[in-house]
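Undergrad: Starting from the given sequences, assemble the full structure and let the hints guide the process.
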Amino acid sequence: MTTYTNSGNKDTRSGFGAGLYEIGQKNNDVVALCADLTGSLKMDAFAKAFPDRFFESGIAEANMIGVSAGLALSGKCVFAGSFAAFVTGRVYDQIRQAVAYSNTNVKICASHAGITLGEDGATHQILEDIGLMKMLPNMIVINPCDYNQTKAATIAVASHNGPVYLRFGRPGVPNFTPENQKFEIGKALKLSEGKDVTLFATGHLVWEALQACKLLEEEGVSAEVMDIHTIKPLDTESIIASVTKTGAAVCAEEHFIAGGLGESIAGELAARKPVPMEFVAVNDRFGQSGAPAELMKSYGLDADHIVQAAKKAISRKQ
Amino acid sequence: MQDIQQLKDTAVQVRRDIIRMVTLAQSGHPGGSLSSTDFMTALFFKELNSSAQRWTKEGKGNDMFFLSAGHISPMFYSILARAGYFPVKELATFRKLGSRLQGHPSVEMHLPGVHCASGSLGQGLSVAIGAALAKRANQDPNYVYVLVGDGESEEGQIWEAAMFAAHNKVDNLIAITDWNRQQIDGNVDEVAGLGDLEQKWRAFGWSVIVADGHDFDSILDAYSRAKKESKEKNRPVMILMKTCMGKGVDFMEGTCEWHGKAPKPEQADKALAQLKETLGDF
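Chains as they are written, first to last, in the numbering used here: chain A, 29 to 346; chain B, 2 to 283.
Check each hint, because a few of them may be wrong.
What the hints assert, rightly or not - Chain B is faced by these chain A residues, among others (derived, beta-carbon under 8 Å):
1) S68
2) G86
3) A88
4) A90
5) V95
6) Q122
7) N131
8) E212
The hints are simulated quantities; they were obtained by calculation from the structure and are not laboratory data. Only a predicted model underlies this, so the values are computations on that prediction, with no experimental measurement involved. From the three backbone atoms N, C-alpha and C, an ideal C-beta is built for every residue, glycine too.
TA: Right under this line is the structure:
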């Protein structure tokens, strides 16, 4: 298998902040808004460098989304940020009408997504945001896996004229994809070639899938690892091609099973290429307080659980 | 640009259009469409620095208008059509399958005059503020206008937007409330009272102008004062247009009954008998 090296743990939100600052320098039409979490979202470099293009909305997310839509339809490229919980469910109707239905050029920037938000607990740990956003027509949904990829994705979405949901996280996690990579919206990345099972993963679970691949290799199982950074539009051709070869699938994500990447993949496979499939995700329960890594283990979102799921999927092959 | 008699003639034709559109569709919202007709006619035919020929979705170099209370689309569509934004005959397609004239305004089929979808209430003020901020950033001296309903002002987002606009000294924004005092479930004061609406907007840091929304002198004076005051005081302006729900059709006036109900053909005849055809029906 291809070997990936962690160049040092980094938080994906910092990748977002760095990407935003970089496109802010290049494009005067890029504007940003935040709802009293500028430091947490690492938007402070942009806010400091471009004070005329940064709008502090205060703790008023609904208004922030509306103002973002107004700026966008006037020709601006708008990045609106808050915690994932507050910039999706809390403002779903605003996003639905003023962003998705009106097809405005607003990037919904969601930090602290999933359970790795940690100690603040379930009120702040959203695990249904991908589902909410992928259901909206016109909305692109992206969940990059590490710092470098998040930075590249942030830069890439500025060139797409339309609504985007960009999801990233709080804790430092392995940074292993190439620096200054080119990010292609909607293109699945094959990180490792295999023949017995495909491990689909998104966000923080991509690194775990790579670790699972190693563990499986030690047991003589050849796993293919695919980084699905874009959940919508889904790269169905790459997905179908991979399972046609391997005949079994696992999907790992820091999200509910309902509404997640796994559900999207399962829908495609059911229609076009049914194979045994297992889900490594949270099943219909809220999160809780705890340290991020501890929570991931406790909720079964790690390499060991991916290994178990892979073996189960393979055993179900006929 | 129209003089006051022309504005009156246009307004009465708009009211005919409203009744005929909702009757044809057998659905839609005549009450608030009729209460807002006069000041909206004045806005589009006298006040707005824009035109059907110049209009773009991005609005650069033009005044922009946003309808936050999207349900009063019959009034909006009639005024746009009468102002030349699209053919008057298209009014007959209102709420029909495949029409650009959706029940609530949409940009999906690129209807000229509409910048953003509305219908789910409370959002248009925020969107208008965003457009006003973009004008400021682009050094575009034009204004952004937005119409909200009084019942709509029960939405919390309106007050988030109010605070934000005052805090950011958005002085190229003129908001209008159609203060007709009626909403679906009854009189606004009885359903979920807004209290002292004028003092509320002042307390939120806005300039407030109260006008008679059916008197063209009062309406035009309010628009002219609003532009002046926004720049003098460096803040957004709210014009509270005192209006009568269902204005122009005696049996629809002053009641919530006709908020979202279409007249039967015989009721429509009774209504149209009170509204002289001035510009030719669609």
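Undergrad: Can you give the numbers of the hints that this structure goes against, from lowest to highest?
TA: 1, 8
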